[in-house]
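Trainee: Following the hints, put chain B with the ligands in place on chain A, whose structure we already have.
There are 2 protein chains.
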Amino acid sequence: MIGGAVSMEIQFLGTGAGVPAKQRNVTSIALKLFNKRGSIWLFDCGEATQHQILHTSIKPRRIEKIFITHLHGDHLYGLPGFLGSRSFQGGTEPLIVYGPKGTEEFVSAALSISATHLKYPLSVVEIEDGMVIDEDEYQIIIGQLDHGIPSFGYRVIEKDRPGELQVEKLRAIGVPPGPLYQQLKTKEKVLWQGEELSGEEFVGPDKKGLVVTILGDTRMCKSALSLANNADLLIHEATFDAASEVMASQYFHSTTAQAATVAKNANVGELWLTHISSRYTLEDAERLEREAQALFPNSHMAHDLLELSVHHKKIE
Amino acid sequence: MIGGAVSMEIQFLGTGAGVPAKQRNVTSIALKLFNKRGSIWLFDCGEATQHQILHTSIKPRRIEKIFITHLHGDHLYGLPGFLGSRSFQGGTEPLIVYGPKGTEEFVSAALSISATHLKYPLSVVEIEDGMVIDEDEYQIIIGQLDHGIPSFGYRVIEKDRPGELQVEKLRAIGVPPGPLYQQLKTKEKVLWQGEELSGEEFVGPDKKGLVVTILGDTRMCKSALSLANNADLLIHEATFDAASEVMASQYFHSTTAQAATVAKNANVGELWLTHISSRYTLEDAERLEREAQALFPNSHMAHDLLELSVHHKKIE
Ligand SMILES: [Zn+2]
Ligand SMILES: [Zn+2]
Chain A
1 MIGGAVSMEI QFLGTGAGVP AKQRNVTSIA LKLFNKRGSI WLFDCGEATQ
51 HQILHTSIKP RRIEKIFITH LHGDHLYGLP GFLGSRSFQG GTEPLIVYGP
101 KGTEEFVSAA LSISATHLKY PLSVVEIEDG MVIDEDEYQI IIGQLDHGIP
151 SFGYRVIEKD RPGELQVEKL RAIGVPPGPL YQQLKTKEKV LWQGEELSGE
201 EFVGPDKKGL VVTILGDTRM CKSALSLANN ADLLIHEATF DAASEVMASQ
251 YFHSTTAQAA TVAKNANVGE LWLTHISSRY TLEDAERLER EAQALFPNSH
301 MAHDLLELSV HHKKIE
Chain B
1 MIGGAVSMEI QFLGTGAGVP AKQRNVTSIA LKLFNKRGSI WLFDCGEATQ
51 HQILHTSIKP RRIEKIFITH LHGDHLYGLP GFLGSRSFQG GTEPLIVYGP
101 KGTEEFVSAA LSISATHLKY PLSVVEIEDG MVIDEDEYQI IIGQLDHGIP
151 SFGYRVIEKD RPGELQVEKL RAIGVPPGPL YQQLKTKEKV LWQGEELSGE
201 EFVGPDKKGL VVTILGDTRM CKSALSLANN ADLLIHEATF DAASEVMASQ
251 YFHSTTAQAA TVAKNANVGE LWLTHISSRY TLEDAERLER EAQALFPNSH
301 MAHDLLELSV HHKKIE
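Note that the protein sequences, when read in sequence, are chains A and B. With the working numbering, the residue at position 298 of the first sequence is 298, and numbering never jumps. With the working numbering, the residue at position 118 of the second sequence is 118, and numbering never jumps.
Next up, chain A with everything else stripped away, as it sits in the complex (with noise of 0.2 Å):
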């Protein structure tokens, strides 16, 4: 799909909250870029998502960042064995492992006790609310939710890329491809036969970024309708229903119904629903699903191992 109309793609790897049940693992979501590298980055890596990745086509030695949201077991815990497994299997490419204050000395400890020595160069960099990080093709915009313990979430931002060098034109003109056509491409003006060419003439719109925000465990908080704000995708945890509101506040969490309201509120393009509390059945998922969708039309519930394409979000 390099270069085709869809640049980004989730997989859910673990839906649930707390602990793993049979339906639902703890958190892990992967986004997979559409870049020249074929990139993918992990958002948190609750124990076993080395184990959920075995059933995808996920290569580990693809992921080349992990953004851990905060350090619960059910969001951490799997860190160690996947940065060991990633290099037991060959893995020589860097990996980043971004995460709030605690990451670094978790990773350490548990690699040096187990005299871990993993093959490829690994970073482990700590994050803070309103930090931004910045990439080639990417920014990163990282803020602090409502949490029991320091939580955060990410604003993916991807960059617009210029618009495409509208060939066509060029040659019904008479002008033949060659070196000049680089230049145009980048919006140089250049002169051919005598005559300036503007190269903003023969270039077409910028190709918009997609926007995804992936948030950590949190209440309702303003933190998240800002990273949320007209993104084309909001992935928002909704461990309780909408009846539990009162539960969701006491141990730092959301309900479907809050959620929703994010969504709604910050004009995203379509909200999904993870980290579903154990106590939830399957069917009980529908109607979660379906107390988000009354708020807000186009939310749906993530399961795990579930692939979606992100698409830009309709302009109203």
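The set of hints was computed from the structure by calculation and includes no laboratory data. Hints may contain errors.
Ranges between beta-carbon positions, derived for each pair [said to hold, decoys possible]:
#1 B:G90 <-> A:S226: 55 to 63 Å
#2 A:Q89 <-> B:T56: 44 to 52 Å
#3 A:E307 <-> B:Q293: 40 to 48 Å
#4 A:E283 <-> B:P162: 49 to 57 Å
#5 A:H117 <-> B:S123: 40 to 48 Å
#6 B:D206 <-> A:L118: 52 to 60 Å
#7 B:S112 <-> A:S226: 29 to 37 Å
#8 B:E9 <-> A:R287: 35 to 43 Å
#9 A:L54 <-> B:N230: 34 to 42 Å
#10 A:R287 <-> B:V125: 29 to 37 Å
#11 B:N35 <-> A:S226: 54 to 62 Å
Away from chain A, derived, C-beta distances all over 12 Å, residues of chain B [stated by the list, open to error]:
#12 Q52
#13 L306
#14 H311
Since the structure is predicted, the reported quantities are computational estimates derived from the model, not experimental observations. Idealized CB from N, CA, C, for every residue including glycine.
Mentor: Coordinates of chain B with the ligands only, in the frame set by chain A:
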């Protein structure tokens, strides 16, 4: 089965080596003791051991002791998640973890960084070569093996239990049930109607306890032999097939043939092979089993979730 003929069962929770695979998870073995409390002990706790338990009848709160053989990740990384979930699910019974030096640091780091507060008392006891754990009904002898890092084996000895009072014999001579029976049962001499009765005569022979030896990763070594000496059942790693002796030695592991040699020389009742490299398919597994059987006929290949009863070895 409490009080029945079988006093111990084993269930393999993970029988793979190094990294999890679809067919075999990384190492963990459950030893079910049919004592009054229905205690269960775990040997090793590789990642996703708690996930494997979801597919068994084992209740996490019944697990009273966890013995870690060594600190390689494939034997250890499931421990924090298991500890946390046991608490989350309401377990309040105490738990003791035995493991090599470093176990305490790993457990403390993982629990404190993830802000995991257990609702049950947890103790971590660090083990050494030659240590003996003495319990009411069991004795565990610990010996160090030959691996890249300190790796240990556990010889679990069920203590002999006193024979049963032969009530029929007492009734035949007219002794009525009552406090006298209790005294006779403990082999005391008692006076009954002026006659001296010797408990010895009315108590059946001691019931011999079982001996099960469970070894961590190791090369073939003398310590394995002495831990396994005359055991009813031996669980020995067989990471490689018989032809891969050089590689096995290089990686501090054993082959099928070496495991069988230990079983034969230690004169055990039966041998179970586990910790099978993911390079071997299910078909290969049959060949690996035959390789061991060629040297020690009562050899068996373990598989994930396989359950078996422990029997007294036949006396030749
Ligand atoms: Zn969580
Ligand atoms: Zn191992």
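Trainee: Could you run down the list of hints and mark each one as holding or not?
Mentor: Structure-based check of each hint:
A C-beta distance of roughly 38 Å is found between G90 (chain B) and S226 (chain A), which places it outside the suggested range of 55 to 63 Å. Taking 44 to 52 Å as the suggested C-beta distance range, the pair Q89 (chain A) and T56 (chain B) does not conform, at roughly 28 Å. For the pair E307 (chain A) and Q293 (chain B), the supplied restraint of 40 to 48 Å holds, since their beta-carbon distance comes to about 45 Å. A hinted range of 49 to 57 Å holds for the C-beta pair E283 (chain A) and P162 (chain B), which are about 54 Å apart.
Roughly 31 Å separates the CB atoms of H117 (chain A) and S123 (chain B), a value that falls outside the hinted 40 to 48 Å. The hinted window of 52 to 60 Å between D206 (chain B) and L118 (chain A) holds, with their beta carbons roughly 54 Å apart. The beta-carbon spacing between S112 (chain B) and S226 (chain A), approximately 32 Å, falls within the hinted interval of 29 to 37 Å. The supplied range of 35 to 43 Å is met by E9 (chain B) and R287 (chain A), whose beta-carbon atoms lie about 41 Å from each other.
Distance hint for L54 (chain A) and N230 (chain B): a CB-CB separation of about 40 Å, consistent with the stated range 34 to 42 Å. Distance hint check: the CB atoms of R287 (chain A) and V125 (chain B) are about 47 Å apart, inconsistent with the given range 29 to 37 Å. Taken as a hint, the range 54 to 62 Å holds for the pair N35 (chain B) and S226 (chain A), whose Cβ atoms sit roughly 58 Å apart. For Q52 (chain B), the requirement that its beta carbon stay farther than 12 Å from each beta carbon of chain A is not met, with the minimum near 10 Å.
The non-interface label for L306 (chain B) is consistent with chain A: the shortest C-beta to C-beta separation is roughly 19 Å, beyond 12 Å. With a closest Cβ-Cβ approach of about 33 Å to chain A, H311 (chain B) is found to remain outside the 12 Å limit, as its non-interface label requires.
In this structure, the earlier hints numbered 1, 2, 5, 10, 12 are contradicted, and the remaining ones agree with it.
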